[in-house]
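**Q** Residue-level listing of the chains:
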Amino acid sequence: MKIRPLHDRIVVRRKEEETATAGGIILPGAAAEKPNQGVVISVGTGRILDNGSVQALAVNEGDVVVFGKYSGQNTIDIDGEELLILNESDIYGVLEA
Amino acid sequence: MKIRPLHDRIVVRRKEEETATAGGIILPGAAAEKPNQGVVISVGTGRILDNGSVQALAVNEGDVVVFGKYSGQNTIDIDGEELLILNESDIYGVLEA
Amino acid sequence: MKIRPLHDRIVVRRKEEETATAGGIILPGAAAEKPNQGVVISVGTGRILDNGSVQALAVNEGDVVVFGKYSGQNTIDIDGEELLILNESDIYGVLEA
Amino acid sequence: MKIRPLHDRIVVRRKEEETATAGGIILPGAAAEKPNQGVVISVGTGRILDNGSVQALAVNEGDVVVFGKYSGQNTIDIDGEELLILNESDIYGVLEA
Amino acid sequence: MKIRPLHDRIVVRRKEEETATAGGIILPGAAAEKPNQGVVISVGTGRILDNGSVQALAVNEGDVVVFGKYSGQNTIDIDGEELLILNESDIYGVLEA
Amino acid sequence: MKIRPLHDRIVVRRKEEETATAGGIILPGAAAEKPNQGVVISVGTGRILDNGSVQALAVNEGDVVVFGKYSGQNTIDIDGEELLILNESDIYGVLEA
Amino acid sequence: MKIRPLHDRIVVRRKEEETATAGGIILPGAAAEKPNQGVVISVGTGRILDNGSVQALAVNEGDVVVFGKYSGQNTIDIDGEELLILNESDIYGVLEA
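Chain order of the listed sequences is Y, S, X, L, A, H and B.
Sequence positions in the first sequence follow our numbering and run 1 to 97.
Sequence positions in the second sequence follow our numbering and run 1 to 97.
Sequence positions in the third sequence follow our numbering and run 1 to 97.
Sequence positions in the fourth sequence follow our numbering and run 1 to 97.
Sequence positions in the fifth sequence follow our numbering and run 1 to 97.
Sequence positions in the sixth sequence follow our numbering and run 1 to 97.
Sequence positions in the seventh sequence follow our numbering and run 1 to 97.
Check the hints yourself; a few may be wrong.
[Unchecked claim] Computed footprint of chain S on chain X; a stretch qualifies when at least three of its residues, placed anywhere within it, have a C-beta under 8 Å from a C-beta of chain S:
no., region
1, 51-60
2, 63-70
3, 86-96
[Unchecked claim] Result set (EDC-like, lysine to aspartate or glutamate): computed pairs, CA atoms no more than 16 Å apart in a straight line:
no., chain 1, residue 1, chain 2, residue 2
4, S, K34, Y, D77
5, B, K34, H, D77
6, L, K2, A, E96
7, L, K34, X, D77
8, S, K15, Y, D63
9, H, K69, A, D77
10, A, K2, A, E82
11, X, K15, S, D77
12, Y, K15, B, D77
13, S, K69, Y, D77
14, A, K69, L, E61
15, X, K69, S, E82
16, A, K15, L, E61
17, H, K69, A, E82
18, L, K69, X, D77
19, Y, K2, S, D63
20, B, K15, H, D77
21, B, K2, B, D77
22, S, K2, X, D77
23, L, K15, X, E96
24, X, K34, S, D77
25, L, K2, L, E61
26, A, K34, L, D77
27, A, K2, H, D63
28, A, K15, L, D77
29, B, K69, H, E82
30, H, K34, A, D8
31, S, K2, X, E96
32, B, K69, H, D77
33, H, K2, B, E96
[As the list claims (entries may be wrong)] Here are some chain A residues pointing at chain H (derived, C-beta under 10 Å):
no., residue
34, I3
35, H7
36, G44
37, T45
38, N51
39, G52
40, K69
If you are wondering where the hints come from, they were derived from the structure by calculation, not from laboratory data.
Ideal placement from N, C-alpha and C gives every residue a C-beta, glycine not left out.
This is chain Y alone, in the form it adopts within the complex (with noise of 0.2 Å):
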């Protein structure tokens, strides 16, 4: 099952929390905060502009985007999984290597 989201709504998958560092070792605690990225799964038809027109948003699934602290609280359940729905105005940026 998979959730198409509306007008300029994303469906995010969160990040992990990393308990350990990149050389291994467990950071016990370190996880206490969520992070705040996570990667777009699906991205709504655009955002309705004042003229009627629609526009395309700035994110592309499979994208890595950091979000705001206090977004992140709308959730749904799908297949068990919790995903997060964020406005794209949620979004800060997307992550780039």
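Fit chains S, X, L, A, H and B to the given chain Y structure using the hints.
**A** For chains S, X, L, A, H and B alone, kept in the frame of chain Y given last:
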């Protein structure tokens, strides 16, 4: 009797709580929180934009929609059944198989 | 005497409480909450949009309308009868047989 | 002396309390609440829309208007008489015989 | 020294309290509330609308204007005299003989 | 070093308190309240309107401006001097000789 | 790794506190307040106006910007470095030599 919703309003039949697992095991108390999903019964003619044009809604009769935790407070009784009145902006997306 | 509502306002006669079932059995105390339904008595000429055009209302005289629990606070007395003044945006939809 | 109201403002003379019934019976204390009706004394030239055009008001001098319970707080004294300053949006409608 | 108000701002000299009746009788304590009237000293070039056009103000230098009870908090001192800075929207109307 | 303000922002050097009268008499404690006047140091390129056009500001470098009592909270240090950052909408008008 | 900010967002590296004077004298405790200045690392593609056009931002990569005391709360960690996410409207201006 049925209701014809105005403009960007949508009538939704809330999904019933599942109190048993897929395998049929009863989960007592598991349904304390109402599911934020439902089936679209009827949709309005569309949202009226500032320039006077009408934007048709992005959901259709029969769609299974997911909506916010704090939506679904507006209810009406039609032939003894409680239905929800949502705005299109309350809806996160449409579930697809 | 009658009232000609301005713009997007609508005059509604609230449906009387039903204190008996269809079969005629009296339900004492059953009507504690006022029904959020009524019949449209008269409608304004329409909502004025930002571009100056007038959008005719989507309800008509005689329609049975359903409105929000917290609407219906604005009342006027016409010939000794209390009528409601609603905005079109207070109205969820129109009941149809 | 008279006042020329600006734009969408309307000058209204509040209807006097009726402390007797049509049959002439005095109703002591019956007029505790001020009536939300009045006669239009003068109207502004119209509401200025975002596109710069002017929308003439939908009420005229001499109309008997009904307004909200919480409107009518803005008053001016003209030749010793207290008059109300309303916005057109404060007015529910016009009473007609 | 004088002030050139910007856009939709208006400089007003508040009418002095009248502490005597027309017949010259002194009314002690009668002027506790400042009058909400004044003479327009200068007006801005107009309100800028969303479409970029400028709407000239509907009051002119020398007009006697009435304004809201809670307007008139913004003051400036010009050559030792306190003048009011109002927005056009603070003004109810213009008094005419 | 200088600052180029963005859009409708204006950099202002606040007028120094005058602690002596024109005749040179010192007024102790007279300057408790900061004057709401200042000289414009630099102005932004203009306010961007909803239709995308840019509206040039109505004040110029060197103008003496008066601003609201509660404006002037935003300050920056340029070469050890505190300057104010105002929006054009904070400014009441321009003083002229 | 780098971040591509969306629309009117701007990534800024906050200026480090200067704890010594120009002459090299250490000022203990002088840096209690974080400086509201920083260098622009990357800028979004522009602000989307109501008419659907995109307004390019007025700051560029490498600009030294000054921003409000209460901005700069939104941070992201990029390769272990804390960067600020600002909106263009948070920025007062650009410092120039």
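**Q** For each hint, tell me whether it holds in the structure or not.
**A** Now for the hints, and whether the structure bears them out:
1. 51-60: holds (count 5)
2. 63-70: holds (count 3)
3. 86-96: holds (count 7)
4. K34/S to D77/Y: The given pair, whose Cα atoms are some 13 Å apart, holds under the 16 Å limit.
5. K34/B to D77/H: 13 Å, holds
6. K2/L to E96/A: 5 Å, holds
7. K34/L to D77/X: 13 Å, holds
8. K15/S to D63/Y: 32 Å, violated
9. K69/H to D77/A: OK: K69/H and D77/A at ~12 Å, within 16 Å.
10. K2/A to E82/A: Within the cut-off at roughly 12 Å; holds.
11. K15/X to D77/S: Cα-Cα ~14 Å, so holds.
12. K15/Y to D77/B: Holds, at roughly 14 Å.
13. K69/S to D77/Y: Status holds; Cα separation ~12 Å.
14. K69/A to E61/L: 25 Å, violated
15. K69/X to E82/S: Holds, at roughly 14 Å.
16. K15/A to E61/L: 29 Å, violated
17. K69/H to E82/A: Measuring from Cα to Cα gives roughly 14 Å; hence the hint holds.
18. K69/L to D77/X: 12 Å, holds
19. K2/Y to D63/S: Answer holds: K2/Y to D63/S is near 13 Å, not above 16 Å.
20. K15/B to D77/H: 14 Å, holds
21. K2/B to D77/B: With a Cα-Cα distance of about 10 Å, the restraint between K2/B and D77/B holds, given a limit of 16 Å.
22. K2/S to D77/X: 31 Å, violated
23. K15/L to E96/X: Since the Cα atoms of K15/L and E96/X sit roughly 40 Å apart, the hinted pair is violated (cutoff 16 Å).
24. K34/X to D77/S: 13 Å, holds
25. K2/L to E61/L: Judged against 16 Å, a Cα distance of about 13 Å means the pair holds.
26. K34/A to D77/L: 13 Å, holds
27. K2/A to D63/H: 13 Å, holds
28. K15/A to D77/L: 14 Å, holds
29. K69/B to E82/H: Distance ~14 Å between K69/B and E82/H Cα, so the pair holds.
30. K34/H to D8/A: Outside the cut-off at roughly 26 Å; violated.
31. K2/S to E96/X: 5 Å, holds
32. K69/B to D77/H: Satisfied, since the Cα-Cα distance of roughly 12 Å is no more than 16 Å.
33. K2/H to E96/B: 5 Å, holds
34. I3: Interface hint status for I3/A: holds (4 Å vs cutoff 10 Å).
35. H7: Since the shortest Cβ distance to chain H is 7 Å, the answer is holds.
36. G44: 8 Å, holds
37. T45: It holds, given that the least Cβ distance between T45/A and chain H is near 7 Å, below 10 Å.
38. N51: Holds - the Cβ of N51/A comes within 10 Å of chain H, reaching about 6 Å at its closest.
39. G52: Check passed: Cβ of G52/A comes within 5 Å of chain H, closer than 10 Å.
40. K69: K69/A check fails; min Cβ-Cβ to chain H is 19 Å, beyond 10 Å.
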